[in-house]
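Trainee: Single-letter residue listing:
Protein chains: 2
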Amino acid sequence: MSKQFVYAFAGEKTHGKADMRNDLGGKGANLAEMALLGINVPPGFTISTKACVYFFKNKKKLPPKLWDEVLEHLQSLEKSVGKKFGCSDNPLLVSVRSGARVSMPGMMDTVLNLGLNEDTLRGLAQKTENEWFALDTYRRFISMFSNVVLGIDGTRFEHILEKEKSRRGIKVDTELSVRDLKSVIKKFKTLVARETRKNFPDDPMKQLRMAVEAVFNSWNTERAVVYRKMKGYSHDWGTAVTVQSMVFGNMGTTSATGVAFTRNPATGEKNFFGEYMINAQGEDVVAGIRTPNSIDQLEKDMPEIYKGLVQVYKKLENHYKDMQDMEFTIENEKLYLLQTRAGKRTAASAVKIAVDMVDEGLINKREALMRVPADQLDQIFHPTIDPKLKTKILGEGLGASPGAATGKIVFSSERALELAKKKEKVILVRTETSPEDIHGMSVAEGIITAKGGMTSHAAVVARAMGKPCVSGVEELAINGKRKNCLLGAIKLKELAPITLDGTTGQVIEGKVNLIKSHLTASFTRMVSWAGKIRRLKIRANADTPQEALLARDFGAQGIGLCRTEHMFFDEKRIFLVRKMILAKNDKVRTEVLKKLLPIQRKDFTGIFKAMDGLPVTIRLLDPPLHEFLPRSTKEINSLAREMKVGALGKKIESMSEMNPMLGHRGCRLGITFPDIYKMQVRAILEAGCRMAKKDVKVYPEIMVPLVLHVNEFKIVREFILEVASEVLKKEGVDLKFKIGTMIELPRAALTADEIAREADFFSFGTNDLTQTGLGLSRDDSGNFLRQYVDQGLLNHDPFVSLDQDGLGQLVQLAVEKGRGVKPGIHMGICGEHGGDPVSIDFFNRLNLDYVSCSPYRVPTAILAAAQAVIKEEP
Amino acid sequence: MSKQFVYAFAGEKTHGKADMRNDLGGKGANLAEMALLGINVPPGFTISTKACVYFFKNKKKLPPKLWDEVLEHLQSLEKSVGKKFGCSDNPLLVSVRSGARVSMPGMMDTVLNLGLNEDTLRGLAQKTENEWFALDTYRRFISMFSNVVLGIDGTRFEHILEKEKSRRGIKVDTELSVRDLKSVIKKFKTLVARETRKNFPDDPMKQLRMAVEAVFNSWNTERAVVYRKMKGYSHDWGTAVTVQSMVFGNMGTTSATGVAFTRNPATGEKNFFGEYMINAQGEDVVAGIRTPNSIDQLEKDMPEIYKGLVQVYKKLENHYKDMQDMEFTIENEKLYLLQTRAGKRTAASAVKIAVDMVDEGLINKREALMRVPADQLDQIFHPTIDPKLKTKILGEGLGASPGAATGKIVFSSERALELAKKKEKVILVRTETSPEDIHGMSVAEGIITAKGGMTSHAAVVARAMGKPCVSGVEELAINGKRKNCLLGAIKLKELAPITLDGTTGQVIEGKVNLIKSHLTASFTRMVSWAGKIRRLKIRANADTPQEALLARDFGAQGIGLCRTEHMFFDEKRIFLVRKMILAKNDKVRTEVLKKLLPIQRKDFTGIFKAMDGLPVTIRLLDPPLHEFLPRSTKEINSLAREMKVGALGKKIESMSEMNPMLGHRGCRLGITFPDIYKMQVRAILEAGCRMAKKDVKVYPEIMVPLVLHVNEFKIVREFILEVASEVLKKEGVDLKFKIGTMIELPRAALTADEIAREADFFSFGTNDLTQTGLGLSRDDSGNFLRQYVDQGLLNHDPFVSLDQDGLGQLVQLAVEKGRGVKPGIHMGICGEHGGDPVSIDFFNRLNLDYVSCSPYRVPTAILAAAQAVIKEEP
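Chains W and Z are the protein sequences, given in the same order.
Each residue of the first sequence is one higher than the last, beginning at 1 in this note's numbering.
Each residue of the second sequence is one higher than the last, beginning at 1 in this note's numbering.
Treat the hints with caution; some may be incorrect.
No copy is singled out in the list; a pair is fine if it fits within one copy or between any two copies.
Said to hold, decoys possible - The calculated DSS-like cross-link candidates involving lysine-lysine, where the alpha carbons are at most 25 Å apart (straight line), are:
1) Lys422 with Lys650
2) Lys13 with Lys3
3) Lys650 with Lys634
4) Lys651 with Lys421
5) Lys634 with Lys307
6) Lys422 with Lys584
7) Lys714 with Lys231
8) Lys421 with Lys595
9) Lys229 with Lys714
10) Lys644 with Lys187
11) Lys57 with Lys206
12) Lys422 with Lys651
13) Lys59 with Lys714
14) Lys572 with Lys634
15) Lys572 with Lys738
16) Lys493 with Lys572
17) Lys493 with Lys511
18) Lys421 with Lys650
19) Lys300 with Lys594
20) Lys392 with Lys493
21) Lys714 with Lys57
22) Lys651 with Lys423
Please keep in mind that the hints were generated in silico from the structure rather than gathered at the bench.
Just chain W, with the same shape it has in the complex:
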């Protein structure tokens, strides 16, 4: 391993390159790469992540020789830019920026304009002949350094600034006079002295060292740790620190700073897209403090610069073969690139960009498939506002993240979390968002902000999360204390209904009907490429003909789970179901079952028709019977009246269970009340035969749930066969069907060999397997499971992504045991994990036959299954 910690980037004297992101962080590696490409990058150097790793392993001490290396590079830097760090003559200012191997937006810290003190301030003013600029830079430096390095709340500096502005009756920072700025700087310094009981540090070298250590420390702030856990990133990677000579976008009206994307990050359309701000520094754009200009304006304002920028973006996209997100600064009409990276994008945009790039010959299909995060693919189905409706527009902002959302207004993330727990749909309405809002955003249906552009925190994070977002709604004013807001002339209180359209940027009054969006051609092409590569078949979980048709449209190759109980819950049928359950004897029960038979038969008829030619796995009744019974005294009494019996309360109470999840359910019901299962089997097979007679190709797979012992399966199988032989004879159809079982209890997995001898197929019910294998009730684990994941005790929520280390063993064991006695036995997954890309990768490795997931997840699963195959390729 190299002992080098510091790598320069300065035109030809550049030591790093793009593939060194593990050492140099994404930012450092790409700065080096750009320098090598001959792009105008302010020179600087990057301290390797290895130094950060050392720092945390050695009680926060820097590696012994690091500082010598830094000083050496600082000298070279001084030479290359012709300025001197800490010198009042022609002072070199630097930025000190964090940069990990993966993007952690807004998580870690950066200090700009470092190297200023009263001496160098004077030098800067003299050299640039621009005192205002020097003072503006100094006040920025003091507040940023104080916040990041000294830990003083940044809003306190903003408060001083705002007060100064209001005292002077001006609106924007650039209107502050030299005198105002001096007054502000004085107040800033007083604040620092009061808070730290020390003067603001004057020695630039000390500033640098403090800033480097502060960036290292920012790797382990709570929010960074939480973020990494959420994303599954290692805490051992560490951050690099890039020290770069400053260029200044705040040098007056010939200077600017901006952010641009090589293609549209929201739609993927191939057009240059971005924003910039005259006389500003980078953080002004990102933090959304002023609303910036569109990049198109730059073409008019500074046509030469714009032309240069276009050349750069084309060069970068061609070089990286991916859509780039760039930061640039214009200092006195000269263009500098400060950063480039693969741009964040919506799923729809990712799909369009990848497909377009295949057409453009930039990448191949396999690369294109790897470009789209499978788990975000269903973002594409985000709803839009029904265009037929007349809506009342309350305000307009930027369409920062596509899709529409409707819900109740909340003004804080805490409130959003609180209400989300109660299953309320909320819209988070904020002046602007910060990393502290991530949890609140993640539970909100959508986000509206008063400030900030397309690259503001709210916009970036919302796109990453696939949440609709409207940013920069200027007419919005929030009163957090009083829990209300003014939107133009209209006052809205907390919990008032509101709707937003993140595609158009509109904010709409009240609750509005949303409709699903249509699929694009790019999407369809990408899914079809994936479909040719993936080995796993993808089925859908669907309980109605409508869902079945939807799933089929999305490419489902069958139904992996049709839950018959959802049919029971139907409002019109529930009375019959209840009557059946509470029947005082078998005779009454048989009568009611006779009435339920044609209803269930109709359900299956519709599903078989929808799935003509494809297999349909139907699970016999699974939930405990008491789930179907009424709970309130009123409902119970009304049921008793309808059933013409006395009180039912006691009977219903006697059926309740301490732990229904482990109670009288699944095939246990089939064994104690075989008539219910027999009715269901009859309905399935009668429907199958009748459809078959109409030339529909029917492949029913009857699935027995919650088997713990092969004997249960044998008993149920036996009576299924009895009913079948009767029905098939009566209908005169030689219908082929399968009888299989769910593997959803640890014991079933452990004895899968015995069960495989009897069963035609296995379907792993990984939801229940997670509940029993981990001893976790899905209903009750909310109290501690979130804490477990947040604390990193568990890598992820095991209900979202299969616990491969633990339960994975059990699934693998069952697969091996099953195949051991019946090679080629058909095996699949139903349950949430069937739509989770990480789990799909695991199931692909186990060589299962299919996964089944909700209809909207089918494209995700197809893509994930293709990605799993591509990952396996050498």
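Dock chain Z against the given chain W, drawing on the hints supplied.
Mentor: Okay, now just chain Z, sitting in the frame of chain W:
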């Protein structure tokens, strides 16, 4: 395989022997053995169980050549006794008796006196010059054959007999005149003709064939099937059929029939013990129809016969080296032995007999240990009535099965089952019991019968079950319809409290305080022999110093499970516990925990003292916190008042869970509320240190429950070590302690290697492992689990005996994984299975270090562990 189906026993012409019980059944094999020993056995022959197996495998057809073999043997039999089957001259009558390889008392059928019709009846009367005897025999035959072979309810014949007796004003059968008997026989035949629409079969050969087939069929009656399932016997064994020449105990006052034990089956004392009845046949004694005489009376009545019987019993016991249960008949002052078998006995008696036989040199210690069914050993601790009490005796019967019991009267098994489900303690009071009562008896605390002796159904079954029983309480008259009984002059209704003493035979008014019995010297010796042989250590589950002392007395080598929550439930502490749970913030909680600390410390101090020198495994808090909270509105309000807070209802409600078994419990509590665990650890270690300073040898083992991921264990372990270092420093004691975990979730077993790296020991919590591994809630499975076991779907209740086929794999996996990374890691079992001999055998094979069970099960576990070792020996 031999093609022979029939084996004769007739003095020297005997083909079978004792070790052929698999073919000949216990009865047939022992009759052959007795014949070989020169004991006077009426000759006959036995049809092998193979014929029965063939019968059921071939649609109930007899093997083709069987009947030829039978006829051949019948001819030899005729020769050897000088009588002819079906001949009116000197007719041979036979008994046709079932006999499986294992005893199935009362389960299968027998027909006596077969071969009678009007012709042979006349011949019998002439030959014996005793018309009364011939008629008495004939009426017995008709009713028995009609019941067993023709399936007519036996009580209908009894009813005719009783009516005849009451018409004639007589009490016992023997007082019936010849004329009465003739009238009875006529009525019997009319009944049969009416019921079967055929005349009673007259052809003796046809009678024989029908009887043989009926005995075969009796192998598969529902009650026999249930019984075999209960006992774990194979349904494929089949029954043998023994056809034996009749001898008659009903030939007048010089004839008798009886049952005798070579030692006392209730106490094990070495004295000849039995009962007989003059002028009766075997079933009169067994069915408990008349109360018989004690065998001592025989010494006075027929001293020569008595002497002969004593010689026989000594010969048999010496030969079999075990206590024998014999049936004999005296026909005209001649003694015949009809059966011998190892006698059923109480656990206390089994222990005494086995130990005595070692002292007598009959068997060795290993044989003695195998003689006592380990799972019955705790019968010995059956309570007795406190001798200091003055009790009111309501009646007296025979002390048929030792131990005292107290409970509410029920008059039917259905009622017993019903109330037992509600956890009521019931005493089953019956005129007599039959095999249909087995379930009722098994849930009753004790059994009282009006009729029947020491060998009646009630007595035999009660002893086998270890239930106290008083039989033959003559002053008891039951009115089943009105649900009351007269006991002497006192009328008792259903649910009235009553007490019985199965040792003295007394029935006592009301509910009476019971005390535990003392241990005998034989018991102590046997347990000490077992202790030297067994490899597994035996610990006890004990939550209090009292239980700990008791366990230690019984030989426990430590405490394997001390449940700290039981301390929390204490009436005096529950308020503090509730206050702690409902604390509005950490500060309040900390204060309450400070108050709980000295209380828990005191608990542990007592336990450590009791277990001086032995390890004590203490489990940190396990159940969900809401289990400690009040449920009724009244209690909740009163708690709120005491706590001086507003309403608590909502908070308590919010803590309730859908599936608490899979909820916020175990170490999940320790992680979300570490202060509770820290308090417990502090209490354990402070108690340990303080006891250590008093020279008590303390070995605390702190156990973390419900670990699903090694990270949970790491977190808890870390803060345990923190608390420990603080406590040990403060107390100035270098106390050694261990930190281990329960393996009670499938995931923990699957990742036992990871956990073993961190843990000092494993304790398998097989209760929860059964719940999660099988997806069975112990609280809710009552509805279907019994049906599962009854139907043979499961071999046994998995909560009673570990599911070796399924969960056993998981336990074995965990053991191997644990040892793989930490050879010799200490491993044990706590939970019900730790006291179950079948499971102990499994744990012994896995080479675990210990099992832990309730204090009263400790001797059982010691014995079972020794038996497991002996079974392994070559």
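Trainee: Can you list which hints this structure breaks, lowest number first?
Mentor: Checked against the structure, the hints that fail are numbers 5, 8, 10, 15, 16 and 19, while the rest are satisfied.
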